[in-house]
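Just need the whole structure built from these sequences, with the hints factored in.
Each chain, written out:
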Amino acid sequence: MKLTDFDIYSNLLKTKSGLVLTEDKVYLLESRLNPVAKKWGYNSLETMTIALQGVPDKNLVTDIVEAMTTNETSFFRDMRPFDMFKDHLLTYMKQARGSARRIRIWCAAASSGQEPYTLSMILKEAQAQYPGWTFEIVATDISHDILDQARAGLYSQFEVQRGLPIQLLMKYFTQVDGQKWQISDDIKKIIKYQYFNLLEPMTSLGTFDIIFCRNVLIYFNEETKGMVLDGMAKRLAPDGFLMLGGAETVMGLTKEFVTLPDHRGVYVLPNSPHLQKKVETPGAASPLGSGSATPAAPATSAFGLPPKANTTTNS
Amino acid sequence: MLMKCLVVDDSRVVRKVARRIVEDLGFTCDEAEDGQKAYEFCQGEMPDAILLDWNMPIMSGIEFLEKLREMDNGGSPKVIFCTTENDMNHIQRAIQAGANEYIMKPFDSEIIESKFAQIGLHP
Chain A
1 MKLTDFDIYS NLLKTKSGLV LTEDKVYLLE SRLNPVAKKW GYNSLETMTI
51 ALQGVPDKNL VTDIVEAMTT NETSFFRDMR PFDMFKDHLL TYMKQARGSA
101 RRIRIWCAAA SSGQEPYTLS MILKEAQAQY PGWTFEIVAT DISHDILDQA
151 RAGLYSQFEV QRGLPIQLLM KYFTQVDGQK WQISDDIKKI IKYQYFNLLE
201 PMTSLGTFDI IFCRNVLIYF NEETKGMVLD GMAKRLAPDG FLMLGGAETV
251 MGLTKEFVTL PDHRGVYVLP NSPHLQKKVE TPGAASPLGS GSATPAAPAT
301 SAFGLPPKAN TTTNS
Chain B
1 MLMKCLVVDD SRVVRKVARR IVEDLGFTCD EAEDGQKAYE FCQGEMPDAI
51 LLDWNMPIMS GIEFLEKLRE MDNGGSPKVI FCTTENDMNH IQRAIQAGAN
101 EYIMKPFDSE IIESKFAQIG LHP
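Protein sequence lines correspond, in order, to chains A and B.
Each residue of the first sequence is one higher than the one before, counting from 1 in the working numbering.
Each residue of the second sequence is one higher than the one before, counting from 1 in the working numbering.
One or more of the hints may lead you astray.
Stated by the list, open to error - Okay, derived cross-link-like pairs now, DSSO-like style, lysine-lysine, Cα gap no bigger than 27 Å in a straight line:
#, chain 1, residue 1, chain 2, residue 2
1, A, 39, A, 58
2, A, 124, A, 58
3, A, 2, A, 38
4, A, 171, B, 16
5, B, 16, A, 14
6, A, 25, B, 105
7, A, 2, A, 25
8, B, 4, B, 105
9, A, 25, B, 16
10, A, 2, A, 39
11, B, 4, A, 171
12, A, 180, B, 105
13, A, 25, B, 4
14, A, 2, B, 105
15, A, 124, A, 39
16, A, 86, A, 171
17, A, 180, A, 38
18, A, 2, B, 16
19, A, 192, A, 86
20, B, 16, A, 86
21, A, 2, A, 180
22, A, 14, A, 39
23, A, 25, A, 38
24, B, 105, B, 78
25, A, 58, A, 14
Since the hints were derived computationally from the structure, they do not count as laboratory data.
The structure is reproduced here in structure tokens:
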């Protein structure tokens, strides 16, 4: 794309959406706008660009802005929630579900699949510690098109470089036609993709140990946010966890969830065992046991479980 | 103390773009135009990170990496390949030779930032 063409789009986006486009995003412009050009019957992006310089159709401008502002997702998006999942939530579930050996996870906005696949890869990497366990990820979305994309598990070179460590690319993807990367069936098989509208009754989905609902609520108004959260509370195991996006909260929206102290982005039910704090001891470790345990700490520690012995000596 | 990143690429344009990105991330940046120059640079001082092209005149990126990992203290820099070679064979060969990460060109600042973060490079 020519630099002058780039300026036309970056100025348009700046005016219409406030989105600032830097020059290293040329590729994004091309991959997002080619489908728009096709939809509007232009034989190339260049032809559409020329048309834009006249008096463009208002709807064309809207389509361009929408194509460019659609929320981007990526593997290991924001990283921290997945560290939290691996280091804390999963570790807790390993003990708490030790007899059933089954963990059910709901990705409430599967989008093009990066989040469920990320979780599946984390579970696969940890597999050796979970002999005989069954993991199930129910991944839902309101768009049939995006679910088809997710099911296909086929990603561009750019997509597989966003947040995905090279070791995991080597392990769980194969290259197709030189430009695309296909995720392996092994990672796909624990995921069940299904169409679901978050505004509908959720009972049919069953009960989950962990719900990921990141960067979805931001699209709803306050009342709807509350409704969705109330519904999710009923689908969560009593000791389960809800993960929201970095810019989201339950505060002021529902009484069915509360923040898990010291764990940003993690929410639990009001009667959750994870909230049994060690109140008597000032300066005691946080509910998750991230601080140092004191001798006075009572019997419940991380996630309401007996504290792990801190001794590093002997057997 | 500031972390140092060495950008090794025979294209001046790529070096310039990469320099801007790594400097924005908080690194100080040095440049080398081929593997030989990079090798000589590392004999003087080891950088914390090396962003490394594959195909270059005089000495290629993979040759440089193999020589680097044999040097005293040559295991310390984190090496991120950054190349148009985008097939699994090249990726595997790079990782076997001791690369820490691998970027397939074209890249943007987000890709570089996320790859650096994954291998614990936070200036």
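Going down the list of hints, with the structure as the test:
1. For a cut-off of 27 Å, the pair hint linking residue 39 (chain A) to residue 58 (chain A) stands: about 15 Å separates their Cα positions.
2. Pair hint residue 124 (chain A) plus residue 58 (chain A) does not hold up; C-alpha atoms about 48 Å apart against a cutoff of 27 Å.
3. Distance hint between residue 2 (chain A) and residue 38 (chain A) is fulfilled; the C-alpha atoms sit about 19 Å from each other, no more than 27 Å.
4. For the hint linking residue 171 (chain A) to residue 16 (chain B), the alpha-carbon distance of about 33 Å lies beyond 27 Å, and the restraint is violated.
5. With a CA separation close to 26 Å, the supplied pair residue 16 (chain B) and residue 14 (chain A) stays within the 27 Å bound.
6. The hinted pair formed by residue 25 (chain A) and residue 105 (chain B) meets the criterion: a straight-line CA distance of about 13 Å does not exceed 27 Å.
7. Pair hint residue 2 (chain A) plus residue 25 (chain A) holds up; C-alpha atoms about 13 Å apart against a cutoff of 27 Å.
8. A threshold of 27 Å between alpha carbons decides the hint, and for residue 4 (chain B) with residue 105 (chain B) the separation of about 22 Å falls inside it, so the pair holds.
9. A C-alpha spacing of about 16 Å is found between residue 25 (chain A) and residue 16 (chain B), which places the hinted pair at or below 27 Å, so the restraint holds.
10. Note on residue 2 (chain A) and residue 39 (chain A): the hinted pairing holds, with a Cα-Cα distance of about 22 Å set against a maximum of 27 Å.
11. This hinted pair does not check out: residue 4 (chain B) and residue 171 (chain A) have alpha carbons roughly 31 Å apart, beyond 27 Å.
12. Between residue 180 (chain A) and residue 105 (chain B) the CA atoms are separated by roughly 14 Å; this keeps the pair inside 27 Å, and the hint holds.
13. The suggested pairing of residue 25 (chain A) with residue 4 (chain B) holds, with an alpha-carbon distance near 26 Å, which does not exceed 27 Å.
14. With a C-alpha separation of about 19 Å, the suggested pairing of residue 2 (chain A) with residue 105 (chain B) holds against the 27 Å cut-off.
15. Using a Cα cut-off of 27 Å, the hinted pair residue 124 (chain A) and residue 39 (chain A) is violated, with the two alpha carbons roughly 40 Å apart.
16. For a cut-off of 27 Å, the pair hint linking residue 86 (chain A) to residue 171 (chain A) stands: about 19 Å separates their Cα positions.
17. With a CA separation close to 21 Å, the supplied pair residue 180 (chain A) and residue 38 (chain A) stays within the 27 Å bound.
18. Straight-line distance between C-alpha atoms of residue 2 (chain A) and residue 16 (chain B) comes to about 19 Å, which keeps the hinted pair within the 27 Å bound.
19. Proximity of residue 192 (chain A) to residue 86 (chain A) is assessed by CA-CA distance (about 21 Å); at most 27 Å being required, the pair is judged to hold.
20. Distance restraint check for residue 16 (chain B) and residue 86 (chain A): the Cα-Cα separation of roughly 38 Å exceeds the 27 Å cut-off, and the hinted pair is therefore not satisfied.
21. Straight-line distance between C-alpha atoms of residue 2 (chain A) and residue 180 (chain A) comes to about 25 Å, which keeps the hinted pair within the 27 Å bound.
22. Between the alpha carbons of residue 14 (chain A) and residue 39 (chain A) the distance comes to roughly 23 Å, so the proposed pair stays at or under 27 Å and holds.
23. Proposed proximity of residue 25 (chain A) and residue 38 (chain A) is supported: the alpha carbons are some 20 Å apart, at most 27 Å.
24. This hinted pair checks out: residue 105 (chain B) and residue 78 (chain B) have alpha carbons roughly 19 Å apart, not beyond 27 Å.
25. The hinted pair formed by residue 58 (chain A) and residue 14 (chain A) meets the criterion: a straight-line CA distance of about 16 Å does not exceed 27 Å.
In this structure, the hints that do not hold are numbers 2, 4, 11, 15 and 20, in rising order.
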